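Novice: Just so you know, the sequences run in chain order A and B.
The first sequence runs 1 to 591 under this note's numbering.
The second sequence runs 1 to 591 under this note's numbering.
Quick caveat, the hints were computed from the structure, so don't treat them as lab data.
One should not assume that every hint holds.
Because identical chains cannot be distinguished in the list, a pair is counted as satisfied if it fits within a single copy or across any two copies.
Using 20 Å as the maximum straight-line C-alpha spacing, the simulated EDC-like pairs for lysine to aspartate or glutamate come out as follows [claimed, not checked]: (1) K558 - E118; (2) K351 - D333; (3) K292 - E132; (4) K560 - E118; (5) K560 - D112.
All figures in this text were calculated on a predicted structure; none of them were measured in a lab.
2 protein chains.
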Amino acid sequence: MMLLDGARLAGVELTSVCGGKGNCGQCRIQVLSGDVSPPTPAEKLILTEMELINGERLACCARVRGSLKINVPKASLLTNSRLQLGSNLRAISAQPVIRAHQVEVAPPALTDRRSDVERIVSGLAYGSFRAEPAVVRHLSSMARTCEWRLSVYTRDSTIVGIAPPKSPPLGLAVDLGTTKIAASLLNLETGEELAVAGALNPQIGYGEDVISRLNYVQRHGDGARKLAEMVGETLDKLLAHLLQQVGSERHQVADGCLVGNSAMLHLLLQLPTIQLASAPFVAASNAPMNVKAADLGLDTSPGAEIHILPCIGGFVGADHVAMIIATDMDEVDQVTVGIDIGTNTEIALAKPGSGHLSSASCASGPAFEGAHIGDGMRAASGAIEAVRLHESAVQLTTIDGVPPVGLCGSGIVDTIAELRRWRLVNDRGRFQKGNERLRQGRLGPELLLVPAVESGSGRDVVITQKDVNEIQLAKGAIRAGLDVLMKATETSLDEIEEVIIAGAFGSFLNIESALDIGLLPCFPNAVYRQVGNAAAVGAKWALISRAERERARQAAAKAKYIELTSYPNFSRLFALGMLFPADDQLRIVRP
Amino acid sequence: MMLLDGARLAGVELTSVCGGKGNCGQCRIQVLSGDVSPPTPAEKLILTEMELINGERLACCARVRGSLKINVPKASLLTNSRLQLGSNLRAISAQPVIRAHQVEVAPPALTDRRSDVERIVSGLAYGSFRAEPAVVRHLSSMARTCEWRLSVYTRDSTIVGIAPPKSPPLGLAVDLGTTKIAASLLNLETGEELAVAGALNPQIGYGEDVISRLNYVQRHGDGARKLAEMVGETLDKLLAHLLQQVGSERHQVADGCLVGNSAMLHLLLQLPTIQLASAPFVAASNAPMNVKAADLGLDTSPGAEIHILPCIGGFVGADHVAMIIATDMDEVDQVTVGIDIGTNTEIALAKPGSGHLSSASCASGPAFEGAHIGDGMRAASGAIEAVRLHESAVQLTTIDGVPPVGLCGSGIVDTIAELRRWRLVNDRGRFQKGNERLRQGRLGPELLLVPAVESGSGRDVVITQKDVNEIQLAKGAIRAGLDVLMKATETSLDEIEEVIIAGAFGSFLNIESALDIGLLPCFPNAVYRQVGNAAAVGAKWALISRAERERARQAAAKAKYIELTSYPNFSRLFALGMLFPADDQLRIVRP
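Next comes chain A alone, as it looks inside the complex:
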């Protein structure tokens, strides 16, 4: 057994971006005592000789050979991750699809031989109800256990579940990201959020970006089922974790709502992907769907369904629609741009009056989530989230104020912005030659942010030429997307009145730094609003409100999908987008 699996069995979830392939270096641990297999070639590439001598290993490469004592750095812990809940959005009132009824009926007797379903329905206040076999299976024993005093959950005229008396119905809201999965448990009657939990999308092991995963499914006959099942398993584990936090039971979970981009939804529902992965890139279905929770591998109330919000087109999916409703972009009264930065970055542009709501999707990759960055890490304890360079010092802020172990997205953007402001990097992204603040690292020139002695990991924290180039690629994709969207809708920079930045990364982003590295263009008349994980908020709204589901359906039907890659000059716009703003355009000017 690998140490990664052993840790999981012991209840310690380690970060693993590459899915255990020894590529990402995120599952780094230190073996203090005990016997493990010798370092693999993959580990020798990622770990220095000194680190190996020090007992540091990648948990996915080290095989357990007996009892071990290990030290797990905070940066390697998955459960420690900071979730952004988008609290700076308005609240809505619950108008749930599920109704809970308190029922008390007489037990069967020789003189009263009604069926179990008929008996329970007689205790409901009105109307006729049906129950499918899976619900009936659950209902007969639950009714007897509770001596015919029950909470009965119904959806329209269907009984979806049965629970002990006075059990509130719960709902699961999920934002299924390419990299991360965020899940919330809500009380469906009050709309209150009871618990939150997050996990990495386990499909990462089969490709970090959506295209790699779609290719995997094309090449492997069993791939579609496999990728769907592994997400289902993770969702079910998250649900177990959420329920444990609040001490509730699985049979109380009577409804769900899930959002994700088109590819994630196609993979989750095992929809055909050949036509999605090749021109003209059409979805099998963009419509909203209700799927049985059980069919996704979730152990819930037996009749519970998961409502999947609609998609718009191409790779612009339900997560984007959820962001649109959570930020009211379908009802704006000013020209608004909404950007949800993630492994795929979706951008919407809304123009009131014209009725325009257009959306595009950019393959920005996971660099802003800390992946592909040498000392990158997720936004967890010890991550550097803000950076200022001074004449002879580096000023850092870390999450939880603990010694720094790596850079999360906002820290990377801050660092590169400072590199530009101090002219340590030119507008093409090249490190200045011969500057005394830079040193020569294993991969070329690099900036030392934290020496090993001061870091929380005992290793230097640096930013390298390669890191800068990764960020350029990511921002190039986003800028090209934004440019195409503005051209397609004939919108100029000065028309934009509001810029909404969504996503966990976006909510901690320093806007000035984002402007100074050109991740965002300068909108002269815009107000910026950082709203956090708006997609997750939209999923929660649609979970607790029938009206929001309908609003999402209408927003998706109204939005126009703009395909970027077939747009003339897209490659040129991409290349231009990779450049940093010229020296004279930097907002914070340093010597």
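We have chain A already, so just place chain B on it with the hints.
Specialist: Just chain B now, kept in the frame of chain A:
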């Protein structure tokens, strides 16, 4: 491998009432050459020494040890069985739940990137339609194979399947009996029956009657799933056979309708059975249900559902409701009794004006289907179906007019009636002692009907004391049920104006013989109508007509369930029902 399995692999389906346990003797074959395992103790009980020397074996007990040449007597062949299709009932017009649309749409292009579902829906004449994931999976490839010219099957606003252009939608109607399964394939648009097929219920190996099977499920944790899956597999094989007969494809099967008694439906749907198997004997659900065909193990159009007709109560199930609608017993204008004789016999009594429709279920057992009768067999080629004793001869009629090999239900009733008329058996069911027409067999006195030299099997065909007693038990159950039903509804024999005899056995039954053995009482003012498998007809009606489904629902809601076993004096009525009519009540009086 057992010979029974080998024969199946070779495409030869042998009868096996006991499910391969060596009890029923129905899978008798003759080994002409080749090596098989030696006879088992079970075989030595059932086969005589002479038969064993002759190479006769039970296919379920003989293990194949190499290449074999065997002779399969017609009586052992399953596929040869006579199905009764109830053609003497009125016809109805099709009003199907499924609609077929002929659709032709433009393929996706860079300038037209609608999703596959949206594209196909645009080709439908009206309204908005949804498609669940299983349907979408099928739809994308089928649409491309057919170059976007398609038959689209819809149920209300749901797309249930896609087929090549001009493919008529088909439906599967099933009568799931405790012993036999009858299946039909119908054209849903015309209502035409295209093919019929039958099989034994494979659950027979886990109990011949419903109580044994319910007990099996209670005792075995995995029992419910196992019994459900084996029926699902058999249904799917029957469907394959039906489709093969007419050269149609599985994706054309867009709807289904299934009937069966309450226990069969509980087992099929894996509903809880504890409360059904013990007092006060209540069903988990009696309501009509739509279940996914795929969930029952059927490979059909991906969105096809099987409509399960409602049950009435206790063991009075959907097959009885189907019989009620097929015989119009819910709309009678005279006092009518309807009897469906099977392993469970259901009886309905309808009184116009009073609005009464009452039903009961009798555990009559499978004797009338030839089981538990020494030389009993199913109604297949070579079965004796009618018998007349003459002074010094026996006059027989066999199915297909071939040499006799055994007795089917109607032949058994005829034989016992003749035994009574010739006073060879007294009113308590005892063979007369010392009569020269009787001989002493292995199990006591017996009547030789066919000597070995004249039979199709090379063995004597006899009827024994034990056979007579088996029939007495079966008829005792039926008579007690009828008596209780009449008492409960305060109906006298002379009030009954019509007696409907349903079921395959009932349609070949000689009514005079049935009266002479007291299987039916003498209704002085009644007309008898033998309608064949009315339950299967009701299933077909409900398959092709939305109105008939609603009518079935109303009939089930209206009918009153009478529980027999808790009725005062039930045991006494049972014992009385076992008696044969006294000599002076016989209608055909013989010396």
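Novice: Are the hints correct? Go through all of them and say.
Specialist: Hints and how they fare:
1. K558 - E118: Between copies only: 14 Å across, 44 Å inside.
2. K351 - D333: So K351 and D333 pass the 20 Å test inside one copy only (8 Å; across, 71 Å).
3. K292 - E132: Both: 12 Å inside a chain and 10 Å across chains, each within 20 Å.
4. K560 - E118: For K560 and E118, the Cα distance is within 20 Å only across copies (15 Å; inside one copy 48 Å).
5. K560 - D112: between (59 Å within a copy, 12 Å between copies)
Checked against the numbered hints given earlier, the structure satisfies every one of them.
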